[in-house]
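Chains as they are written, first to last, in my numbering: chain A, 17 to 275; chain B, 29 to 543.
Quick caveat, the hints were computed from the structure, so don't treat them as lab data.
Careful: at least some of the hints might be erroneous.
Said to hold, decoys possible - Keeping only pairs whose Cα atoms sit at most 25 Å apart, straight-line, the calculated DMTMM-like set for lysine to aspartate or glutamate is:
id	chain 1	residue 1	chain 2	residue 2
1	A	K216	B	E143
2	A	K216	A	D182
3	B	K74	A	E81
4	B	K541	B	E515
5	B	K394	B	E515
6	B	K541	B	D152
7	A	K216	A	D50
8	A	K216	A	E96
9	B	K74	A	D182
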Amino acid sequence: MTAQHTNDDDAVVRFRGVTYAPPRAPAPVLDALDLEVRRGETLVLLGESGCGKTTTLRLVNRMLEPTAGEVLVEGRDTREWDPIELRRRTGYVIQDAGLFPHFDVARNVGLVPALEGWGEGRVRARVEEMLRLVGLDPGRFAARFPSELSGGQRQRVGVARALAADPPLLLMDEPFGALDPLTRLTLQREFAALRARLNKTVVFVTHDVREALALGTRVALMSAGRVLLLDTPAGFLRSDEPRARAYRETLSAFDTGEA
Amino acid sequence: MNTLDFMLRDWREVLGLTGEHLLLVLASTLVAVAIGIPTGLLLTRKTRWKRPVLGVANVLQTVPSLALFGLIIPLKYVGGIGWRPAVVALVLYALLPVIRNTVTGVEGVERGVREAAVAMGMTDRQILRQVELPLAAPVILAGVRVATVISVGVATVAAFIGAGGLGLLIYRGLRQNDNKLMLAGAIPAALLALAADAGIGFIESRVAARRRAGGAKRGAPARRLAAAVLAAAVLAGGGFALWRALSRADARVGSKDFTESIILAEMFAQGLEARGLKVERSYELGGNLAHEALVSGRIDVYPEYTGTSLMSILKRPPATDARLVYEQVKSDYAARFDVEVGPPLGFEDTFAILVRGEDSRRLGLKTVSDAAAHAPAWRAGFGQDFMSRADGYEGFARAYGLKFGGRPREMDLSLSYRALAEGQVDVIAGNSTDGMIAQLGLVQLEDDRHYFPPYEAVLLLRRDALERLPAAREVLQQLAGRVSTEEMRQLNFEVDGGKRPAADVVREWRRAKGL
Numbered sequence: 017m018t019a020q021h022t023n024d025d026d027a028v029v030r031f032r033g034v035t036y037a038p039p040r041a042p043a044p045v046l047d048a049l050d051l052e053v054r055r056g057e058t059l060v061l062l063g064e065s066g067c068g069k070t071t072t073l074r075l076v077n078r079m080l081e082p083t084a085g086e087v088l089v090e091g092r093d094t095r096e097w098d099p100i101e102l103r104r105r106t107g108y109v110i111q112d113a114g115l116f117p118h119f120d121v122a123r124n125v126g127l128v129p130a131l132e133g134w135g136e137g138r139v140r141a142r143v144e145e146m147l148r149l150v151g152l153d154p155g156r157f158a159a160r161f162p163s164e165l166s167g168g169q170r171q172r173v174g175v176a177r178a179l180a181a182d183p184p185l186l187l188m189d190e191p192f193g194a195l196d197p198l199t200r201l202t203l204q205r206e207f208a209a210l211r212a213r214l215n216k217t218v219v220f221v222t223h224d225v226r227e228a229l230a231l232g233t234r235v236a237l238m239s240a241g242r243v244l245l246l247d248t249p250a251g252f253l254r255s256d257e258p259r260a261r262a263y264r265e266t267l268s269a270f271d272t273g274e275a
Numbered sequence: 029m030n031t032l033d034f035m036l037r038d039w040r041e042v043l044g045l046t047g048e049h050l051l052l053v054l055a056s057t058l059v060a061v062a063i064g065i066p067t068g069l070l071l072t073r074k075t076r077w078k079r080p081v082l083g084v085a086n087v088l089q090t091v092p093s094l095a096l097f098g099l100i101i102p103l104k105y106v107g108g109i110g111w112r113p114a115v116v117a118l119v120l121y122a123l124l125p126v127i128r129n130t131v132t133g134v135e136g137v138e139r140g141v142r143e144a145a146v147a148m149g150m151t152d153r154q155i156l157r158q159v160e161l162p163l164a165a166p167v168i169l170a171g172v173r174v175a176t177v178i179s180v181g182v183a184t185v186a187a188f189i190g191a192g193g194l195g196l197l198i199y200r201g202l203r204q205n206d207n208k209l210m211l212a213g214a215i216p217a218a219l220l221a222l223a224a225d226a227g228i229g230f231i232e233s234r235v236a237a238r239r240r241a242g243g244a245k246r247g248a249p250a251r252r253l254a255a256a257v258l259a260a261a262v263l264a265g266g267g268f269a270l271w272r273a274l275s276r277a278d279a280r281v282g283s284k285d286f287t288e289s290i291i292l293a294e295m296f297a298q299g300l301e302a303r304g305l306k307v308e309r310s311y312e313l314g315g316n317l318a319h320e321a322l323v324s325g326r327i328d329v330y331p332e333y334t335g336t337s338l339m340s341i342l343k344r345p346p347a348t349d350a351r352l353v354y355e356q357v358k359s360d361y362a363a364r365f366d367v368e369v370g371p372p373l374g375f376e377d378t379f380a381i382l383v384r385g386e387d388s389r390r391l392g393l394k395t396v397s398d399a400a401a402h403a404p405a406w407r408a409g410f411g412q413d414f415m416s417r418a419d420g421y422e423g424f425a426r427a428y429g430l431k432f433g434g435r436p437r438e439m440d441l442s443l444s445y446r447a448l449a450e451g452q453v454d455v456i457a458g459n460s461t462d463g464m465i466a467q468l469g470l471v472q473l474e475d476d477r478h479y480f481p482p483y484e485a486v487l488l489l490r491r492d493a494l495e496r497l498p499a500a501r502e503v504l505q506q507l508a509g510r511v512s513t514e515e516m517r518q519l520n521f522e523v524d525g526g527k528r529p530a531a532d533v534v535r536e537w538r539r540a541k542g543l
């Protein structure tokens, strides 16, 4: 413990011996997980589907509650947080954006500010600011419905919505997973730039090792409900951990040597 | 006269019944929506209850409508006859599609959308109102649409428990074997169903189109839909209240569900109207409904037969002395129901054992005893009523020692007349005042052993109505002993054979009698 000791103020989220086992499941999804997310960092949870990374994310904003152990956000057990308050100060982006199909873009983006009771003018101004932030022209896009957007545009709106109420913590569950490779790369780059400007704490789930290494300040490699390795991208690349090596090999598996 | 002519001639009645029908459907659908949507929403939250509740709603819908109406009648508070139990039954039918579609609609909301709503920090209420309800609206509306169309159909059965509506025409048509009448009820009902289907379908497609096409104002569909439903509810409620208020009458006259009863009720009703009273008519109450309506105060008066009162209602053993039966019924009704039995109207409507006129002449048949010797060579055709009653076939056959060639054929009463005339059967049990007896040249054999109890026609009146309406007693006295058996046969024939409205026939009769 002493070696890993960090100042409590630095940990935005802290998992302490968290086990999560849904009823009637043969094995727990998370098994005595210890993890902390430091203020300002982008912690990437990397792993195959079913390894528990999404579950970890959902425990942070109390969409799930631990079976054993505790999840602390800002030093407070999530079970002591009012879930509504906790979620409104925690941005959330999911794979297919999860936009409300019956709301136009402006109303989707302005959702949390509106729920928080901001005035109409303030919400509108914030919506425009957020759309510009994610590279969408408010004049062209504010009145559109999600069905009238491309996949990449939808995902931008999803990010804008998550950031609208200026939450200090952002949870992202494979946000770029469903996009074509070119759009994905654009959005990854823009996100990296955005993050540098906004100074948010981010927990980012992906199964794409390139994405993990490109976006993460630290990478947590997960398997079967445990963290196998937690290190910086550079440390990840040097690691002897067999799974980390396996992931590393995928990076060059089809390298044909050109360029 | 074809159906269209009938509908044109009696357009007022058809229109009135269509209005009643529409109100029944509207009221019951609104109640079903008011109960069904919240129930459905609750089931999406308390999933443990989903299977049992949907199961019950499912079972309710498999109960045949006629049986459901019958089962509701004896219940307290919701039961009885008339409008309220009809609405209750219709609501029970309409619940399943509303509940099921609400559950299906809400559960059909995309997982990611619901998850995003939770993750954004929306409260359960906000998710329900801003996300799930608007997204489920087209599916829920489809359920309401199905419920409405079902209600239009089932509401035709409501006539059976005295709730009016187009079913009245259908049942009258069935009873009188008159396709024109049936169609006059069935066609408007079908049109109503089509209109309801198209109307709600239109709203449904608008809601769905708005969502798909976009370009709509924020939150408009859900709110506008709610406003429309609410407006319809208020309109229907107000309209119904107004309708009720306007139709409040001084006296409510009921009748059983056959021509003679309607004619007698109409005699009384027109007597009251001649004295300036406003009369509400609740005719064609089947089975025991007229009695129940009288006792529960939904009607003030209806025509009955002493023998029927004695055995079917008071459950006393058959008796043969007309005077004694009348006195017994009078004192029992006063003591048990606070109902006054009016003076006999002057004729009896008893079972009439009928044979063809030529057989009667050829074989010299005057009485039932005369016929007993021929019975083994005869085929008999009897109505269901006669076959099953305490004073019906079994006792009758025993009293006269009758043994027919085979077991009597059970057939519809009106069909049995035709079967006798055409020689398919040789003896039937009709009604002594039936107009068909004279028309088909049939002869009634005398009940020489006095097996059949007396069935004197009388009017039954609630005591409180008599106190409230002095004119009622006048009319009662005026009609005492005024209707002979021959007259009654003639009046029945005018309506059944001549296909004329009972009201017109009675009006002429009153004029001829100088009333």
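The hints, checked one at a time:
1. A/K216 / B/E143: holds, 22 Å
2. A/K216 / A/D182: holds, 9 Å
3. B/K74 / A/E81: Holds, at roughly 19 Å.
4. B/K541 / B/E515: holds, 11 Å
5. B/K394 / B/E515: holds, 22 Å
6. B/K541 / B/D152: Given that 25 Å is the threshold and the Cα spacing comes to 75 Å, the pair is violated.
7. A/K216 / A/D50: The given pair, whose Cα atoms are some 22 Å apart, holds under the 25 Å limit.
8. A/K216 / A/E96: At roughly 23 Å apart (the allowed maximum being 25 Å), A/E96 and A/K216 satisfy the hint.
9. B/K74 / A/D182: violated, 34 Å
Comparing the model with each earlier hint shows violations of hints 6 and 9; every other hint is respected.
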